[in-house]
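Throw the hints in and build the complete structure from the sequences for me.
The primary structure of each chain is shown beneath.
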Amino acid sequence: MNLQINSKGEYNMKKAKATLAVLLSTSLLFGCTQKKEETKPADDNAKEASASKLDDVSTEYREYAIGEIEEFVNATEEFTTAVSSGDIEKAKEAYAPARMHYERAEPIAEVFGDLDPKIDARKGDVKDAEWGGYHRIEMGLWEENTTKGYEKYADQLMSDVNLLRAKVETVEVTPDLLITGAVDLLNEVSTSKVTGEEDRYSHTDLYDFVANVEGAEKIYELLTPALKEKDPKLAAEIQKRFDDVYGLLEKHKEGNGYISYTDLKESEVKELSQAIDALAEPLSQIGIVTEES
Amino acid sequence: MKENTPKDETGIFTKKVSRRNILKTAGVGGIGVAIGASGFGGLLTLSDQKAKGQTKDIVPFYGAHQAGITTEAQDNLYFASLEVTTDNRSELIQLFKDWTEAAAQMTAGDLIGEASLNTNMPPKDTGEAKELSPSNLTITFGVGPTLFSKDGKDRFGLKSKRPAELKDLPKFPLDALEEEWSGGDICIQACADDLQVAFHAVRNLVRIGRGKTIIHWAQTGFQRTKQADSQKTTPRNLFGFKDGTANPDKNNNSEMNEHVWVKADDGPDWLIGGSYMVVRRIQMYIEVWDRTILKEQENTFGRHRDSGAPLGMKNEFDSADLEAKDPNGNRIIPKDSHMSLSRGDGKAKILRRPYSYADGMDPKTGSFNAGLLFICFQRNPSKQFIPIQERLAKNDKLNEYIVHKGSAMFACLPGVKKGGYIGDSLFG
Chain A
0 MNLQINSKGE YNMKKAKATL AVLLSTSLLF GCTQKKEETK PADDNAKEAS
50 ASKLDDVSTE YREYAIGEIE EFVNATEEFT TAVSSGDIEK AKEAYAPARM
100 HYERAEPIAE VFGDLDPKID ARKGDVKDAE WGGYHRIEMG LWEENTTKGY
150 EKYADQLMSD VNLLRAKVET VEVTPDLLIT GAVDLLNEVS TSKVTGEEDR
200 YSHTDLYDFV ANVEGAEKIY ELLTPALKEK DPKLAAEIQK RFDDVYGLLE
250 KHKEGNGYIS YTDLKESEVK ELSQAIDALA EPLSQIGIVT EES
Chain B
0 MKENTPKDET GIFTKKVSRR NILKTAGVGG IGVAIGASGF GGLLTLSDQK
50 AKGQTKDIVP FYGAHQAGIT TEAQDNLYFA SLEVTTDNRS ELIQLFKDWT
100 EAAAQMTAGD LIGEASLNTN MPPKDTGEAK ELSPSNLTIT FGVGPTLFSK
150 DGKDRFGLKS KRPAELKDLP KFPLDALEEE WSGGDICIQA CADDLQVAFH
200 AVRNLVRIGR GKTIIHWAQT GFQRTKQADS QKTTPRNLFG FKDGTANPDK
250 NNNSEMNEHV WVKADDGPDW LIGGSYMVVR RIQMYIEVWD RTILKEQENT
300 FGRHRDSGAP LGMKNEFDSA DLEAKDPNGN RIIPKDSHMS LSRGDGKAKI
350 LRRPYSYADG MDPKTGSFNA GLLFICFQRN PSKQFIPIQE RLAKNDKLNE
400 YIVHKGSAMF ACLPGVKKGG YIGDSLFG
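Residue numbers (numbering that gives the first Met the number 0), protein chains in the order written: chain A, 0 to 292; chain B, 0 to 427.
Calculated from the structure, these hints are not laboratory results. Honestly, I wouldn't trust all of these hints.
Cβ-to-Cβ under 7 angstroms is the rule here; a few derived chain A residues that face chain B [said to hold, decoys possible]: (1) Ile178; (2) Arg240; (3) Glu280; (4) Ser283; (5) Gln284; (6) Gly286.
DMTMM-like, lysine to aspartate or glutamate: derived pairs with alpha carbons at most 20 angstroms apart [said to hold, decoys possible]: (7) B:Lys96 <-> A:Glu280; (8) B:Lys211 <-> A:Asp242; (9) B:Lys324 <-> B:Glu295; (10) B:Lys396 <-> B:Asp320; (11) A:Lys239 <-> B:Glu90; (12) B:Lys129 <-> B:Asp56; (13) A:Lys232 <-> B:Asp86; (14) B:Lys211 <-> A:Glu280; (15) B:Lys149 <-> A:Glu270; (16) B:Lys382 <-> B:Asp265; (17) B:Lys211 <-> B:Asp153; (18) B:Lys348 <-> B:Glu257; (19) B:Lys363 <-> A:Glu265; (20) A:Lys232 <-> B:Glu90; (21) A:Lys269 <-> B:Glu178; (22) A:Lys269 <-> B:Glu177; (23) B:Lys211 <-> A:Glu270; (24) B:Lys158 <-> B:Asp268; (25) B:Lys334 <-> B:Glu399; (26) A:Lys264 <-> A:Asp276; (27) A:Lys166 <-> A:Glu62; (28) B:Lys211 <-> A:Asp276; (29) B:Lys346 <-> B:Glu257; (30) A:Lys166 <-> A:Glu76; (31) B:Lys211 <-> A:Glu267; (32) A:Lys269 <-> B:Glu82; (33) B:Lys211 <-> A:Glu236; (34) A:Lys264 <-> B:Glu179; (35) A:Lys264 <-> B:Glu177; (36) A:Lys151 <-> A:Glu76; (37) A:Lys239 <-> A:Glu280; (38) B:Lys348 <-> B:Glu389; (39) A:Lys239 <-> B:Asp86; (40) B:Lys96 <-> B:Glu82.
Glycine residues also receive a C-beta, built at the ideal position from the N, C-alpha and C atoms.
Following this line, the structure appears as structure tokens:
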């Protein structure tokens with residue numbers, strides 16, 4: 000699911016470029032170690048116009064996504080090191096939590112149509128000869144129960160993820176991207192997580208599931224002030240539906256993580272799927288924040 | 000200049016579009032004048048929705064009774080049984096209000112809601128019925144026993160309002176009911192002469208209910224189309240037989256009052272003018288039937304296949320003599336034939352409104368997964384459907400060729416007046 004952010008209208012492009020310019024200058028100053036606080040625009044000015052408010056939201060989201068990608072880099076390093084050093088248990092442990100960072104930031108990560116498949120393709124998504132990334136290694140770990148022969152995939156994955164980190168600086172975040180991104184995250188859940196196809200060897204789909212929901216919630220949170228102004232009832236309804244989904248997910252927690260997807264009963268999968276639909280429906284109305292009032 | 004747009008207080012479809020947005024879009028003087036003359040809501044309705052100018056295939060939504068019961072059966076059905084997931088009474092009431100508004104719009108052939116100008120939001124109406132004629136669409140709402148109480152719990156303060164007649168049907172001999180085809184808190188029966196129109200109706204109502212209801216089960220149904228049978232003869236079922244010949248006369252008010260509409264003394268007042276709907280999903284063993292000799296087929300139904308006439312008679316509507324014997328002293332119409340048992344003493348009548356279904360192949364057996372979604376309406380199930388089905392379940396020859404997989408009962412609410420909403424007598 001690729002987000003066509005480059006095909007947005009002229010108006011949004013201009014706004015996005017302005018945002019980008021500010022961000023680029025900041026990131027040049029602070030490099031990759033920038034902290035969230037440092038890129039936050041001054042809060043006190045330019046808050047009146049809703050358009051510029053939405054720009055602020057885009058900026059904040061960009062920081063969030065970059066933060067997640069940064070953590071993704073670190074977690075991937077841990078994962079790939081374990082694979083390269085033949086520590087299969089550690090690799091298995093690191094797999095699902097690492098992916099959560101990627102899944103949270105998916106609207107941004109997927110923008111890079113060349114890197115996304117290298118990192119996240121499942122068997123059959125690409126030609127077998129080109130297939131690498133997380134799921135390739137997942138197959139080795141869980142199906143073949145080995146790390147042997149997977150070192151090269153680990154190396155390649157690490158370099159792809161580093162490249163992603165570098166490229167993500169160039170991404171243009173627009174309000175439109177956020178509005179479509181929030182629902183797209185849930186659509187991801189509806190179309191692949193809920194069927195258990197995403198992590199077909201490790202069955203850690205619930206981690207990805209949770210991360211997608213969290214990624215959508217982040218966008219919702221950022222848009223909440225604007226949304227409350229337009230339609231407080233809608234904002235309250237969305238919050239309630241998020242709570243419902245988290246309530247269901249809570250039941251499937253195990254230790255610090257989640258139970259295997261294969262341990263879910265058919266009725267529980269259906270219940271989760273319907274809760275996602277119930278959430279995504281009102282969430283699809285958040286575009287109301289772009290209306291002039 | 001800030002336009003004061005009222006927030007959503009009345010319902011999801013009556014939300015006003017801001018004046019500025021409309022002006023921006025209209026952008027032409029002529030339309031500006033139209034705004035002045037007709038108001039904002041009117042403008043969109045006028046320009047976007049009323050272009051068809053067709054009225055001949057509209058069944059009125061508002062009335063003393065719900066449409067879709069005595070309405071001449073349309074070509075297609077989409078039926079959905081829903082579960083209510085909210086536990087909030089006022090949310091449920093609001094849902095019925097929203098449904099009423101949407102159903103009235105759809106049955107009139109209109110799109111739901113007003114056209115939105117915001118391309119950052121999904122359209123209110125899913126759009127697949129746009130430009131299609133109203134197709135005699137009817138939408139009929141019913142409530143199941145579990146809406147009143149479930150697992151002993153009074154869900155919406157309705158427990159005391161449940162009519163004694165509204166309960167799970169008894170288990171009949173040979174029933175092979177599956178939970179996934181049975182029961183439900185609310186049903187929506189959408190019938191139309193076009194399946195896309197019927198599906199659109201249920202899809203949009205389910206969408207409006209998202210977060211408050213979920214689909215429990217759903218079924219499409221068909222019968223021969225009016226186009227294919229301009230003589231409007233009795234439809235044939237998938238076994239090739241005419242069934243349902245002896246329905247009470249829908250055009251006869253006193254017969255309908257006698258057999259179909261709930262009356263003042265029948266139970267709680269809120270259901271006066273409503274009706275009890277029984278739904279049975281009956282799988283038919285098509286392959287088995289197809290290798291059954293004609294004589295056996297005819298003895299099973301008690302009718303001649305070609306004419307639909309009772310055995311021993313010439314024409315479909317000839318009256319059946321259930322006692323008639325052949326020269327050897329055997330009954331001409333077997334006692335265990337479907338017709339003979341359905342009729343009984345002839346006093347209990349139900350208004351049958353069934354549709355066939357064909358859901359592809361049964362993956363387990365490779366056989367057709369096809370049959371009948373049997374739907375009937377009545378005033379009093381324990382005096383009407385239940386005794387009839389008891390006779391059939393015990394002795395019907397047809398049982399060799401069918402199996403009842405699904406079962407549900409709903410109280411179809413009385414009709415609604417303009418300004419009211421479906422269920423207002425129950426919740427009010």
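Evaluation of the provided hints:
With a cut of 7 angstroms, the hint placing isoleucine 178 (chain A) at the interface with chain B holds, because the nearest CB-to-CB distance is about 5 angstroms. Interface hint at arginine 240 (chain A): satisfied, since its Cβ lies 6 angstroms from the closest Cβ of chain B, which is below the 7 angstroms cut-off. For glutamate 280 (chain A), the interface hint holds, the least distance from its beta-carbon to any beta-carbon of chain B being 4 angstroms, beneath 7 angstroms. Interface hint status for serine 283 (chain A): upheld, as the beta-carbon distance to the closest one in chain B is roughly 5 angstroms, under 7 angstroms.
For glutamine 284 (chain A), the suggested interface contact is upheld, since its CB lies about 6 angstroms from the closest CB of chain B, less than 7 angstroms. Below 7 angstroms, beta-carbon pairs count as interface contacts, and glycine 286 (chain A) has one with chain B at about 3 angstroms; its hint therefore holds. Our distance criterion of 20 angstroms between C-alpha atoms is met by lysine 96 (chain B) and glutamate 280 (chain A), whose separation comes to about 19 angstroms. Taken as a hint, the lysine 211 (chain B) and aspartate 242 (chain A) pair is honoured in the structure, with Cα atoms around 14 angstroms apart against an allowance of 20 angstroms.
As the CA atoms of lysine 324 (chain B) and glutamate 295 (chain B) are separated by approximately 17 angstroms, the hinted pair is consistent with the 20 angstroms bound. Taken as a hint, the lysine 396 (chain B) and aspartate 320 (chain B) pair is honoured in the structure, with Cα atoms around 19 angstroms apart against an allowance of 20 angstroms. With a C-alpha separation of about 13 angstroms, the suggested pairing of lysine 239 (chain A) with glutamate 90 (chain B) holds against the 20 angstroms cut-off. Distance restraint check for lysine 129 (chain B) and aspartate 56 (chain B): the Cα-Cα separation of roughly 15 angstroms lies within the 20 angstroms cut-off, and the hinted pair is therefore satisfied.
Restraint check for lysine 232 (chain A) and aspartate 86 (chain B): the C-alpha separation of about 18 angstroms stays at or below 20 angstroms, so the hint holds. About 11 angstroms separates the Cα atoms of lysine 211 (chain B) and glutamate 280 (chain A), which keeps this hinted pair within 20 angstroms; it holds. Distance hint between lysine 149 (chain B) and glutamate 270 (chain A) is fulfilled; the C-alpha atoms sit about 18 angstroms from each other, no more than 20 angstroms. Distance restraint check for lysine 382 (chain B) and aspartate 265 (chain B): the Cα-Cα separation of roughly 12 angstroms lies within the 20 angstroms cut-off, and the hinted pair is therefore satisfied.
Note on lysine 211 (chain B) and aspartate 153 (chain B): the hinted pairing holds, with a Cα-Cα distance of about 17 angstroms set against a maximum of 20 angstroms. Note on lysine 348 (chain B) and glutamate 257 (chain B): the hinted pairing holds, with a Cα-Cα distance of about 9 angstroms set against a maximum of 20 angstroms. Among the hinted pairs, lysine 363 (chain B) with glutamate 265 (chain A) is consistent with the structure: their alpha-carbon atoms are about 19 angstroms apart, no more than 20 angstroms. Taking the CA atoms of lysine 232 (chain A) and glutamate 90 (chain B), the gap is near 12 angstroms; set against the 20 angstroms cutoff, the hint holds.
With a C-alpha separation of about 15 angstroms, the suggested pair lysine 269 (chain A) and glutamate 178 (chain B) falls inside the 20 angstroms cut-off, and the hint holds. Of the pairs offered as hints, the one joining lysine 269 (chain A) and glutamate 177 (chain B) holds, with about 17 angstroms between alpha carbons and a cut-off of 20 angstroms not exceeded. Our distance criterion of 20 angstroms between C-alpha atoms is met by lysine 211 (chain B) and glutamate 270 (chain A), whose separation comes to about 13 angstroms. For the proposed pair lysine 158 (chain B) and aspartate 268 (chain B), the alpha carbon gap of about 15 angstroms is at most 20 angstroms, so the pair holds.
Restraint check for lysine 334 (chain B) and glutamate 399 (chain B): satisfied, since their Cα atoms lie roughly 15 angstroms apart, inside the 20 angstroms limit. For a cut-off of 20 angstroms, the pair hint linking lysine 264 (chain A) to aspartate 276 (chain A) stands: about 19 angstroms separates their Cα positions. As the CA atoms of lysine 166 (chain A) and glutamate 62 (chain A) are separated by approximately 14 angstroms, the hinted pair is consistent with the 20 angstroms bound. A threshold of 20 angstroms between alpha carbons decides the hint, and for lysine 211 (chain B) with aspartate 276 (chain A) the separation of about 11 angstroms falls inside it, so the pair holds.
Of the pairs offered as hints, the one joining lysine 346 (chain B) and glutamate 257 (chain B) holds, with about 11 angstroms between alpha carbons and a cut-off of 20 angstroms not exceeded. At roughly 18 angstroms between alpha-carbon atoms, lysine 166 (chain A) and glutamate 76 (chain A) fall within 20 angstroms of each other, so this suggested pair holds. Only pairs whose Cα atoms come within 20 angstroms are accepted, and lysine 211 (chain B) paired with glutamate 267 (chain A) is accepted, the gap being roughly 18 angstroms. With a C-alpha separation of about 13 angstroms, the suggested pair lysine 269 (chain A) and glutamate 82 (chain B) falls inside the 20 angstroms cut-off, and the hint holds.
Using a Cα cut-off of 20 angstroms, the hinted pair lysine 211 (chain B) and glutamate 236 (chain A) holds, with the two alpha carbons roughly 11 angstroms apart. Note on lysine 264 (chain A) and glutamate 179 (chain B): the hinted pairing holds, with a Cα-Cα distance of about 15 angstroms set against a maximum of 20 angstroms. Proximity of lysine 264 (chain A) to glutamate 177 (chain B) is assessed by CA-CA distance (about 18 angstroms); at most 20 angstroms being required, the pair is judged to hold. A hinted pair counts as satisfied when its Cα atoms are at most 20 angstroms apart, and lysine 151 (chain A) with glutamate 76 (chain A) qualifies at roughly 14 angstroms.
Between lysine 239 (chain A) and glutamate 280 (chain A), the direct Cα distance comes to roughly 13 angstroms. Compliance with the 20 angstroms bound is thereby established for this hinted pair. For the hint linking lysine 348 (chain B) to glutamate 389 (chain B), the alpha-carbon distance of about 14 angstroms falls within 20 angstroms, and the restraint holds. A hinted pair counts as satisfied when its Cα atoms are at most 20 angstroms apart, and lysine 239 (chain A) with aspartate 86 (chain B) qualifies at roughly 13 angstroms. Between lysine 96 (chain B) and glutamate 82 (chain B) the alpha-carbon distance is near 17 angstroms, which keeps this suggested pair within the 20 angstroms criterion.
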